[in-house]
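Line order of the protein sequences matches chains W and H. The numbering of the first sequence is this note's numbering, which starts it at 1 and goes up by one. The numbering of the second sequence is this note's numbering, which starts it at 223 and goes up by one.
In case anyone wonders, no lab produced these hints; they're calculated from the structure. A couple of the hints might just be wrong.
Incomplete in silico selection of chain H near chain W, CB under 8 Å [claimed, not checked]:
1) Ile-251
2) Met-338
3) Val-344
4) Phe-357
5) Val-360
6) Gly-361
7) Ala-368
8) Ile-369
9) Pro-372
10) Arg-377
11) Leu-381
12) Val-387
13) Asn-389
14) Ile-393
15) Ser-396
16) Trp-400
Distance windows between CB atoms, simulated [as the list claims (entries may be wrong)]:
17) W:Arg-10 to H:Ala-460: 54 to 62 Å
18) W:Gly-21 to H:Asp-370: 28 to 36 Å
19) W:Gly-21 to H:Ser-230: 48 to 56 Å
20) W:Leu-5 to H:Thr-446: 40 to 48 Å
21) W:Trp-129 to H:Ala-229: 56 to 64 Å
Computed from a predicted structure; not experimentally measured. For each residue, glycine too, the CB sits at the ideal point set by N, CA and C.
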Amino acid sequence: MLKFLFTVIRRDVLLAARRRGDWLTAQFFFVMVVSMFPLGVGPEPGMLRTIGPGVVWVAALLASLLSLGRLFADDYRDGTLEQMLLSPYPNTLLALGKAIAHWIINGIPLLVIAPVLGIQFNLPAEALWILVLSLAIGTPILSLLGSIGAALTLGLRGGGALVTLLILPLYVPALIFGAGAVEGVLSGTGSEAHLSLLGAFLMMSLLLAPWVSAMALKVSVE
Amino acid sequence: MNLYHYASPSTFYPLAGKLVPWFAALAFILTTAGLYISFFMAPTDFQQGEGYRIIFIHVPAAWMSMFIYVVMAFWSAIGLAWNTRLSFVMARALAPTGAMFTFVALWTGAFWGKPMWGAWWVWDARLTSELILLFLYVGVMALQAAIDDPRRSDRAGALLNLVGVINVPIIYFSVKWWNTLHQGSSLSLTRAPSMAQTMLWGMLILALAAWMYTIAVALARARTLILERERRTEWARAQLEGQA
């Protein structure tokens, strides 16, 4: 069982490593969206510090959505996905593996880039650390919930815009708790409450999302 | 009476056809009565003046917007579990009405907010979660509309609907805590607990009218959906020819 899970993850990560162009697009998208905000609202440090956590988090949501389109689509097009669904292992494991791979490919790089972007927004060191921590707990949620949307819209015309419509409302709690944790550090109320709730949301997503997205895959492929 | 008998589209279709005028008539009578009570009989609120009468539309719409989403999720769950075609038809038929009520609740809320709070929109917990509920309705309808194959469309919509219904309480509480942590909520929707008896009656009758309207519209929509899907069967053809 675990071997199957690792195989799925390893395969996706390896594919992404061989096609670096695709993979870098989402990361640069993240950097660019965040960098547009100071240009739009002005370089005043106090204001940037206020909007910083929210901007980084919203950009992380969008970057995660951008890369969701390819989560199942390539495998679906060449028929690999169908073969994987026919394998004797539970489809839930397949969906979980895909979501974990998506997080390794697209989530972890965000954690590395985020502090640099936080400095652009004049965030103090303590807030930077919490920003990374909140993204570390939050981005797996984005990958897990996103995998449901990707599975539901498999092979549809205009799938990319559709995924955004379906999944963004479901991301709301992650955004609120994630950005709220950093906000808590800045305003001095602390971040533990937000991080705990984010962790609870992660646990729930981990429990339910792979199962739903496996069902969605079956609906979409049959 | 056997309820399972009516789970088949061919028997449900004529039943719904018989029920629609009744519910429509009830909706009409209750709306007229409710509006009369709320606009002519209910006293003017001494704090809010005449503007408070918006709540007679606003509150029933807000109730229905949330309730319909749960009913849709109920039909979706039944459909996924027992693979009944009619449940999916019902879930799909309810979605536009639910979205409409959500929109009406937001719209009338804005009209009420302007004179009472001095703002069309505040990021209050209830307003924000109602807005996200509208997004959830739009998501389900957009997904159903994007898939041509009715079987896949039904199931995909039902799954999304169920994921949404699990998320609604989480979204509500997250927005609520976000709101209280960000700003000391200076505006609260909780009103004085005691309400004049006639006001309460007007609101309840209009809420009932909204129920009747929803049932009538959903059944009528379900009928067209059934006819569209069963157009190749013999009984549906007979129906269509009988009308022509």
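Quick rundown of the hints versus the structure:
1. Hint status for Ile-251 (chain H): violated, given a least beta-carbon distance of 37 Å to chain W, over 8 Å.
2. For Met-338 (chain H), the suggested interface contact is broken, since its CB lies about 26 Å from the closest CB of chain W, more than 8 Å.
3. A cut of 8 Å between beta carbons decides the hint on Val-344 (chain H): the least distance to chain W is about 17 Å, and the hint is violated.
4. At about 4 Å, the closest approach between the beta carbon of Phe-357 (chain H) and any beta carbon in chain W falls short of 8 Å, and the interface hint on this residue holds.
5. Because the closest C-beta pair between Val-360 (chain H) and chain W is about 7 Å apart, less than 8 Å, the hint holds.
6. Given hint, Gly-361 (chain H) at the interface with chain W, holds; its Cβ is 4 Å from that chain's nearest Cβ, closer than 8 Å.
7. For Ala-368 (chain H), the shortest C-beta to C-beta distance to chain W is roughly 5 Å, which falls under 8 Å, so the interface hint holds.
8. Using the Cβ-Cβ criterion of 8 Å, the hint placing Ile-369 (chain H) at the interface with chain W is satisfied: the shortest such distance is roughly 6 Å.
9. For Pro-372 (chain H), the suggested interface contact is broken, since its CB lies about 12 Å from the closest CB of chain W, more than 8 Å.
10. Hint on Arg-377 (chain H) holds. Least Cβ distance to chain W is approximately 4 Å, under the 8 Å limit.
11. With a least beta-carbon distance of about 5 Å to chain W, the hint placing Leu-381 (chain H) at the interface is held under the 8 Å criterion.
12. With 8 Å as the threshold, the beta carbon of Val-387 (chain H) stays out of range of chain W, its nearest partner Cβ sitting at about 11 Å, so the hint is violated.
13. At a threshold of 8 Å, the smallest CB-CB gap from Asn-389 (chain H) to chain W is about 5 Å, leaving the interface hint in force.
14. The beta carbon of Ile-393 (chain H) is positioned within 8 Å of a beta carbon in chain W (closest approach about 5 Å), and the interface hint is therefore held.
15. Because the closest C-beta pair between Ser-396 (chain H) and chain W is about 4 Å apart, less than 8 Å, the hint holds.
16. Taken as an interface hint, Trp-400 (chain H) checks out: its beta carbon lies about 4 Å from the nearest beta carbon of chain W, inside 8 Å.
17. Between Arg-10 (chain W) and Ala-460 (chain H) the beta carbons are some 59 Å apart, a value that agrees with the proposed interval 54 to 62 Å.
18. The hint said 28 to 36 Å for the Cβ distance between Gly-21 (chain W) and Asp-370 (chain H), and at roughly 33 Å that hint holds.
19. For the hinted restraint 48 to 56 Å between Gly-21 (chain W) and Ser-230 (chain H), the CB-CB distance of approximately 54 Å keeps it satisfied.
20. Checking the proposed 40 to 48 Å range against Leu-5 (chain W) and Thr-446 (chain H) shows it holds: the Cβ atoms sit about 46 Å from each other.
21. A C-beta distance of roughly 58 Å is found between Trp-129 (chain W) and Ala-229 (chain H), which places it inside the suggested range of 56 to 64 Å.
This entry does not satisfy hints 1, 2, 3, 9, 12, going by the numbered hints stated previously.
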